[in-house]
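Asker: Mind docking chain B on chain A? Use the hints.
Chain by chain, the residues run as shown.
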Amino acid sequence: MSLLVNLLAQQPEPVQRVVDEVTTGEAVAFWVLGPLALAGALGMLFARNAVHSALWLVVTMLSLGVLYMVQQAPFLGFVQIIVYTGAIMMLFLFVLMMVGRDSSDSVVEVIRGQRLAAALLGIGFAVLMVGSVARALTSVEPAGLAEANATNGGNVGNIGQEIFTDYLFPFELTSALLITAALGAMILAFVGRDGKPARKTQKELVEERFQDGTRVGSIPGPGVFATANSVATPALLPDGSVAEESLFDVIEATDRSVLTDDVAEVAGTGDQPDSRALKGSES
Amino acid sequence: MTKYLAAEIGDTAELLADDPIWLVLIKVVGIFAFLVVMTLFMINWERKVVARMQHRPGPNRVGPNGWLQSLADGLKLAFKEDIRPVLADKWVYFLAPVISCIPAFLAFSVIPIAGKVSIFGEETALQLVDLPVGVLVVLACSSIGVYGIVLAGWSSGSPYPLLAALRSAAQVISYEIAMGLSIVAVIMFTGSMSTGDIVGAQASTILGFAPAWFGLLLFPSFAIYVVAMVGETNRAPFDLPEAESELVGGFHTEYSSLKFALFFLAEYVNMVTVSALATTLFLGGYHAPWTGDFLNTGWWGLLWFILKTLAFLFLFIWLRGTLPRLRYDQFMKLGWKVLVPTSLVWIMAVAVIRTGAIQQLSTAQRLIALGVVVGLVLLVSFLLPDKKVADTKGVPLAGSGFPVPPLDLAVPKAAPKRKVKVANIPADDTAKAVTTGKEAE
Numbered sequence: 001m002s003l004l005v006n007l008l009a010q011q012p013e014p015v016q017r018v019v020d021e022v023t024t025g026e027a028v029a030f031w032v033l034g035p036l037a038l039a040g041a042l043g044m045l046f047a048r049n050a051v052h053s054a055l056w057l058v059v060t061m062l063s064l065g066v067l068y069m070v071q072q073a074p075f076l077g078f079v080q081i082i083v084y085t086g087a088i089m090m091l092f093l094f095v096l097m098m099v100g101r102d103s104s105d106s107v108v109e110v111i112r113g114q115r116l117a118a119a120l121l122g123i124g125f126a127v128l129m130v131g132s133v134a135r136a137l138t139s140v141e142p143a144g145l146a147e148a149n150a151t152n153g154g155n156v157g158n159i160g161q162e163i164f165t166d167y168l169f170p171f172e173l174t175s176a177l178l179i180t181a182a183l184g185a186m187i188l189a190f191v192g193r194d195g196k197p198a199r200k201t202q203k204e205l206v207e208e209r210f211q212d213g214t215r216v217g218s219i220p221g222p223g224v225f226a227t228a229n230s231v232a233t234p235a236l237l238p239d240g241s242v243a244e245e246s247l248f249d250v251i252e253a254t255d256r257s258v259l260t261d262d263v264a265e266v267a268g269t270g271d272q273p274d275s276r277a278l279k280g281s282e283s
Numbered sequence: 001m002t003k004y005l006a007a008e009i010g011d012t013a014e015l016l017a018d019d020p021i022w023l024v025l026i027k028v029v030g031i032f033a034f035l036v037v038m039t040l041f042m043i044n045w046e047r048k049v050v051a052r053m054q055h056r057p058g059p060n061r062v063g064p065n066g067w068l069q070s071l072a073d074g075l076k077l078a079f080k081e082d083i084r085p086v087l088a089d090k091w092v093y094f095l096a097p098v099i100s101c102i103p104a105f106l107a108f109s110v111i112p113i114a115g116k117v118s119i120f121g122e123e124t125a126l127q128l129v130d131l132p133v134g135v136l137v138v139l140a141c142s143s144i145g146v147y148g149i150v151l152a153g154w155s156s157g158s159p160y161p162l163l164a165a166l167r168s169a170a171q172v173i174s175y176e177i178a179m180g181l182s183i184v185a186v187i188m189f190t191g192s193m194s195t196g197d198i199v200g201a202q203a204s205t206i207l208g209f210a211p212a213w214f215g216l217l218l219f220p221s222f223a224i225y226v227v228a229m230v231g232e233t234n235r236a237p238f239d240l241p242e243a244e245s246e247l248v249g250g251f252h253t254e255y256s257s258l259k260f261a262l263f264f265l266a267e268y269v270n271m272v273t274v275s276a277l278a279t280t281l282f283l284g285g286y287h288a289p290w291t292g293d294f295l296n297t298g299w300w301g302l303l304w305f306i307l308k309t310l311a312f313l314f315l316f317i318w319l320r321g322t323l324p325r326l327r328y329d330q331f332m333k334l335g336w337k338v339l340v341p342t343s344l345v346w347i348m349a350v351a352v353i354r355t356g357a358i359q360q361l362s363t364a365q366r367l368i369a370l371g372v373v374v375g376l377v378l379l380v381s382f383l384l385p386d387k388k389v390a391d392t393k394g395v396p397l398a399g400s401g402f403p404v405p406p407l408d409l410a411v412p413k414a415a416p417k418r419k420v421k422v423a424n425i426p427a428d429d430t431a432k433a434v435t436t437g438k439e440a441e
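If you read the protein sequences in the order shown, they are chains A and B.
Here the first sequence is numbered in the working numbering, starting from 1 and rising by one per residue.
Here the second sequence is numbered in the working numbering, starting from 1 and rising by one per residue.
Next up, chain A with everything else stripped away, as it sits in the complex:
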């Protein structure tokens, strides 16, 4: 879509040169933004860090957007900014998904013949671009901004009509391409669990937990303070029976005779400390 918007945007450009004079403001804007856009493009090519590359691309796209606005295509300018900021955000995410945060270019060629193919495709694309630009500059008769805006209530209406009638197929094709790219990135970046069973959902886990009849709540505490203050006191169920889980295994297993001294001390029947002594009993 963005490419198409770009191509459409270039139509008013010759109009400006043919019909209107280039104003001083426009010239200044061009000489400021042109180098900026170029610097952004070069920066994108030569930055080592992939995220920096994406950021340089933002500079280029913003400069182009402002150039459109200067050339009386404010709609296109702002759409350029909105669309490309979103697009570059996606690029940014792709980078993070594929190579991680500390992303820098590796010089190792992983696919055979990658450079050759890239060079060929690049040259082909350059030829296409030069051809279309040359055609736009020479053989196309510019209609003029006023005439282009005469129908459909102006610039925006015309662009809409072009996209949804004559250029519908390329438009849909471009969106299909973008969706393919997004899906491809997701599949490449997805870390699959090969061979492992699929993870259970939260709902399945909950139902499973209730299914096998294990206790879900906490184990009842001892019946301390119900009738006594000993942890050995069992908790009672509503029908008066003893709740087995409330009994403390260690206490249950300990022979009473071992505890004689403790029992005596608690009961106050054993050796008592001398009431005038400064320390407790020796034992």
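Derived from the structure by calculation, the hints contain no laboratory data.
There are no misleading hints in this set.
Beta-carbon label-pair distances, calculated as ranges: (1) B:Ala-349 with A:Arg-135: 40 to 46 Å; (2) B:Phe-32 with A:Ala-198: 53 to 59 Å; (3) A:Phe-210 with B:Gly-321: 32 to 38 Å.
Straight-line Cα separation of at most 25 Å, DMTMM-like style, residue types lysine to aspartate or glutamate; simulated pairs: (4) B:Lys-413 with A:Glu-244; (5) B:Lys-413 with A:Glu-245; (6) B:Lys-333 with B:Asp-239; (7) B:Lys-387 with A:Glu-208; (8) A:Lys-203 with B:Asp-386; (9) B:Lys-417 with A:Glu-252; (10) B:Lys-417 with A:Asp-239; (11) B:Lys-413 with A:Asp-212.
Heads up, incomplete: computed chain A residues facing chain B, CB under 8 Å, no partners named: (12) Val-51; (13) Phe-75; (14) Phe-78; (15) Val-79; (16) Leu-93; (17) Leu-96; (18) Asp-239.
All residues carry an ideal CB built from backbone N, CA and C; glycine is no exception.
Answerer: Okay, now just chain B, sitting in the frame of chain A:
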């Protein structure tokens, strides 16, 4: 009525066209000051309102009734030490707060604050510029602004901010679509993307008494916009990029001093901007809730505009005070499965209604069209598969969703009384005083 996307210059743009440079400068400074003061006010107001909702006093020490607290905090922040983590990406780390701050201020330039006023004898509208694509300016600014958050998170060189950055990117991509779609219906009704024209289109009344605000006419769009604007500004309950309970401070965890203050400023300025845009698009901008000239001309517009904007800002605070943060997947589900489809269907409906209105259809034709629509809806509703009946094998779930025993459960017999285990006690046991529950049985 049958105006398509307007090519002609609106009234506001005409008024603004002959602004002398000093007036433009005054407006620029005025907008900047307004936004900064609103930020200082908002922070205090938010703290006070949330405090009141939670039955505590809130800031009440600095200045009259504590109203200068945020100013003091801002001054303090400026003098704090500026720290840059070792692992941070130097330039991006430096640029991120600037990137998030500048568009926030820029977006406000297209907001119409009041109608025709006279400043030092110069007739003008209280608005900096009125572009034919004004609404898009706000969208463009918000999509640039989010770079600040994403880059801040990425460049900090620390895991929590990075997670926040990723969340923020996904959040903005999804909610900006919903926001853009909610604005489309307004643009279709107005036939213009200029904010001045949109406010102008809401000056009349409908049904003789109600103001022709798009918030009433296009209520679904309004509702979607309000949800999307909260998501877009990263505010509770959608504040996932700075979820304190999960991500420490979120994207600004590593930031300090003025850079942190800039993030804070940007967040609040963004809130004011989206509230002002909501006012402009859906609540009639600077118009009073009635027509006619009574309290409705010149500088009075400023009052109505500020009151409406404050109402939205209060909504932000109210949401923060009441709603818990959404889980991330719920948040995405809301955006993609509720807001976007609803928007699309609603836009289709608006387009059909508009076409009907423009084409001057006869009553019979309208009825036929209505019948076709109803038939389609019925067809779709019949074709939709029924909701799957939950499998009965699982645990029976009552209406509440909690697992409860089935109604026909046979009550098991009482467990046999447990025989009390008593350890062998020597005959000369002296501890008769010790009684336990077991013995009491």
